[in-house]
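Going down the list, the protein sequences come from chains W and B. Quick note on our numbering: the first sequence kicks off at 1230 and runs consecutively. Quick note on our numbering: the second sequence kicks off at 6 and runs consecutively.
These are calculated hints, taken from the structure and not from any lab test. A virtual CB, placed ideally from N, CA and C, is assigned to each residue, including glycine. Some hints could be false.
As the list claims (entries may be wrong) - Below, computed lysine to any residue pairings styled on SDA-like, alpha-carbon distance capped at 25 Å:
#1 W/Lys1577 - B/Gly101
#2 B/Lys113 - B/Tyr133
#3 B/Lys204 - B/Gly101
#4 B/Lys113 - W/Leu1367
#5 B/Lys113 - W/Ala1484
#6 B/Lys113 - W/Asn1320
#7 W/Lys1577 - B/Lys113
#8 W/Lys1523 - W/Gly1451
#9 B/Lys113 - W/Val1377
#10 W/Lys1577 - B/Pro197
#11 W/Lys1577 - B/Ala251
#12 W/Lys1577 - B/Asn170
#13 W/Lys1317 - W/Asp1271
#14 W/Lys1294 - W/Lys1550
#15 B/Lys258 - B/Cys299
#16 W/Lys1577 - W/Ile1297
#17 W/Lys1550 - W/Val1378
#18 W/Lys1577 - B/Cys299
#19 W/Lys1523 - W/Phe1540
Unchecked claim - Restraint-style ranges between C-beta atoms, simulated for each label pair:
#20 W/Ala1563 - B/Gly199: 41 to 47 Å
#21 B/Asp192 - W/Leu1576: 49 to 55 Å
#22 B/Leu291 - W/Leu1576: 44 to 50 Å
#23 W/Pro1296 - B/Gly199: 35 to 41 Å
#24 B/Arg25 - W/Pro1582: 18 to 24 Å
#25 W/Pro1568 - B/Trp38: 41 to 47 Å
#26 W/Val1442 - B/Leu291: 54 to 60 Å
#27 W/Asp1397 - B/Asp285: 46 to 52 Å
#28 B/Val303 - W/Pro1443: 39 to 45 Å
#29 B/Glu188 - W/Gly1459: 51 to 57 Å
#30 B/Glu55 - W/Gly1459: 19 to 25 Å
#31 W/Pro1568 - B/Ala286: 32 to 38 Å
#32 W/Glu1284 - B/Val303: 32 to 38 Å
Below, each chain spelled out in residue letters.
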Amino acid sequence: MTQAGTQTTDGIAGGIAGPLEVDGIDMSRRLPQGVAPEDLVDIYRRMVLVRALDERIWMMNRQGKVPIAASGQGHEAAQMGSLLAAEKDGNCFFFPYYRDLSIKMSGLTPTQVMLSFMGKAGDAYSNARQFPLQGADLAHNIIQLSNVVAASLTQSVGYALGCRMLGDERVTLVYFGDGASSQGETHEAMNFAGVHRLPVVFICENNGYAISVPQRLQMAIGDVAGRAEGYGFPGLVVDGMDLLHSYEATAEAIAHARREGPVLLEMKVERLMPHTTDDDDSRYRPREEVEAAKLRDPVATLGAYLLAEAFLTEEQEEEIKAQARRAVNEATDAADATPPPDAGEMLKHVYAP
Amino acid sequence: MAVKSVIEAVREAMREEMRRDERVFVMGEDVGWRGGVFLATQGFIEEFGEARVIDTPLAEASIMGIALGASFRGLHPIAEVEFADFVWPTVNQLIGEAARVCYGTDGKLNAPMTIRIPYGGGIRGGLYHSQSVEAYFFHTPGLKVVAPATPYDAKGLLKASIRDNNPVVFLEHKKTYRLVRGEVPEDDYVLPIGRAEVKRAGSSITLVSYGLMLHYCLEAAEQLAAEGVAQVEVVDLRTLRPLDTATVLESVKKTGKLLIVHEDNITGGVGSEIAALAADAAFDYLDAPITRLCGPDVPTMPFAQTLEDAYMPNTHKIAEALRTLAAY
């Protein structure tokens, strides 16, 4: 899967591996085992839809209809690649973080997504108590509670501990950013997971910025993945702009986690948008850097790959985009016409029965 | 009925619940082969094994976060914070996370976990082994806060806490562990969370307290009765959140006078809320100013015997406050 590191029997390297490709895509690469061209076309369809929703949500913020949104643009390949691996595995639980739109939308209709972003009644995660897509979608094995970003890491480790105690084989995937890697609970979570060899895949989506603070002020090292050694489990650097690479790394990590214990994957990604709709990244991020990142757009990259491999025709690709536009329009109209929660909801569910 | 200490009652409650329900487990620092620094889990690892009696790394935030995550999977963890003074690294998981789980998911997810916290002073514990921490959790909707005073209440309420589907902060006053003994039934019993109890009936002054102070209050009430000064009604809150306002108000309306005693700092303490409650809902019944006898506003209890004695409310100070109130 990667170029460096000592290979163990299952292919998870004991050391840190570098990305297979940094720029563009490797056209000569074979499809990973178990992945058919139709899988990739389906993932592309979902990525296009996520991107279309993401862009519409941003626009609706400017129209005053979405109070706040964190864009996932640039992270889609990392998120969708790991999601595909987890879906193919069939027994995973997710603790995503706030930027993981692709994962948090995975069980929802576009209308449900729009209800959530517009703070309308029937939001699937929290009935519009929390920021969009925060809360829980238990039907799809997702919990995303907090904006204290490393809080979910210890929770996910506890979840994995609970799975083991109940004798189930489920693997827990927990996602976080480079900023969260600095919080103390990240250390505590990884340490405990290492001690007990728990089936957890830690996925750091490193986009180089925690809101405005660049990586050079976040940590003294180049790769978060290197920290895994200190916890006694493997850590790998993954090209998170490459869907196939993200898929393969996660698939192997899930298998390893179930068999031997935790894995840390550091997915190097680009944040194509400001931190949230409330942020102005021109105050701290050079425009040339953003423009260069956009040339590596993971959605466009996958689309180009599918065309080049003839897994998709141009007509089919156009239809996928047109379908996404229609779905987003319908979802926007439906959510717009839905009322917010009744004020009487405010006092409910402080305690469980 | 057998006479037992508070720590024995706590141990029995946990052992019975772990035998009764596979989903219950304990985790914390030194809870395994050491049996806990106060021996609350003595014999547990021998009976239940390392899988259900987890000696954690010395990292309190993760104890709470991991217990919370396990509760998401449907387990009923009992997380032990070794001393209340060590609870601060866990506060994000308790106040920021556990308390909001049910509300923040519109009731879809809940956190059936118990957080056992040995607290309180009068044991020469100094600044880092004496603190009362209840006010911080008392303030937090989404948490339940239980603070028993007797072995009987400790056992029945701890079993209720373990079975509860919400995060319960269970406060055990360290000085009561071996000092306070009482009858505890052998059979399975559960006491309802959220109910105060009148521990001594009286007619002239209502005295509200909990934890160790409850015992000093009962002693002071006996003194005043012996002196013929007043018949004091002593209300043991037992649960701080949700507060049993009905029992408190019923007593205050009967006596017309109210003294609240706690070891925790006076400002913003549980007593402030009780005073506000009485002022709001029993104003017309009051014959005297609402009075509080609480720990002073110093960060926490100092080490030297003289300083610690100066901090702690005790039977003598409570009796003095009662005499003043009786004479009003």
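Do the hints match the structure? See the list:
1. W/Lys1577 - B/Gly101: This hinted pair holds, its Cα atoms lying about 18 Å apart.
2. B/Lys113 - B/Tyr133: This hinted pair is violated, its Cα atoms lying about 38 Å apart.
3. B/Lys204 - B/Gly101: Measuring from Cα to Cα gives roughly 35 Å; hence the hint is violated.
4. B/Lys113 - W/Leu1367: holds (8 Å)
5. B/Lys113 - W/Ala1484: violated (30 Å)
6. B/Lys113 - W/Asn1320: Answer holds: B/Lys113 to W/Asn1320 is near 21 Å, not above 25 Å.
7. W/Lys1577 - B/Lys113: Cα-Cα ~12 Å, so holds.
8. W/Lys1523 - W/Gly1451: Holds, at roughly 22 Å.
9. B/Lys113 - W/Val1377: Holds. B/Lys113 to W/Val1377 sits at ~20 Å (cutoff 25 Å).
10. W/Lys1577 - B/Pro197: holds (22 Å)
11. W/Lys1577 - B/Ala251: Given that 25 Å is the threshold and the Cα spacing comes to 22 Å, the pair holds.
12. W/Lys1577 - B/Asn170: holds (16 Å)
13. W/Lys1317 - W/Asp1271: holds (13 Å)
14. W/Lys1294 - W/Lys1550: Measuring from Cα to Cα gives roughly 24 Å; hence the hint holds.
15. B/Lys258 - B/Cys299: holds (23 Å)
16. W/Lys1577 - W/Ile1297: holds (24 Å)
17. W/Lys1550 - W/Val1378: It is violated: about 33 Å lies between the C-alpha atoms, which goes past 25 Å.
18. W/Lys1577 - B/Cys299: violated (34 Å)
19. W/Lys1523 - W/Phe1540: holds (24 Å)
20. W/Ala1563 - B/Gly199: 41 to 47 Å: For B/Gly199 against W/Ala1563, whose Cβ atoms are near 43 Å apart, the range 41 to 47 Å holds.
21. B/Asp192 - W/Leu1576: 49 to 55 Å: violated (38 Å)
22. B/Leu291 - W/Leu1576: 44 to 50 Å: Between B/Leu291 and W/Leu1576, where Cβ atoms are some 30 Å apart, the hint is violated.
23. W/Pro1296 - B/Gly199: 35 to 41 Å: Holds, since W/Pro1296 and B/Gly199 (Cβ atoms, about 36 Å apart) stay within the stated range.
24. B/Arg25 - W/Pro1582: 18 to 24 Å: holds (20 Å)
25. W/Pro1568 - B/Trp38: 41 to 47 Å: Distance hint for W/Pro1568, B/Trp38 is violated at roughly 58 Å.
26. W/Val1442 - B/Leu291: 54 to 60 Å: holds (56 Å)
27. W/Asp1397 - B/Asp285: 46 to 52 Å: holds (50 Å)
28. B/Val303 - W/Pro1443: 39 to 45 Å: Holds: the Cβ-Cβ distance is about 44 Å, inside 39 to 45 Å.
29. B/Glu188 - W/Gly1459: 51 to 57 Å: Cβ of B/Glu188 to Cβ of W/Gly1459: about 53 Å, so the range 51 to 57 Å holds.
30. B/Glu55 - W/Gly1459: 19 to 25 Å: holds (24 Å)
31. W/Pro1568 - B/Ala286: 32 to 38 Å: holds (37 Å)
32. W/Glu1284 - B/Val303: 32 to 38 Å: violated (57 Å)
Violated hints, in rising order: 2, 3, 5, 17, 18, 21, 22, 25 and 32; the structure is consistent with all others.
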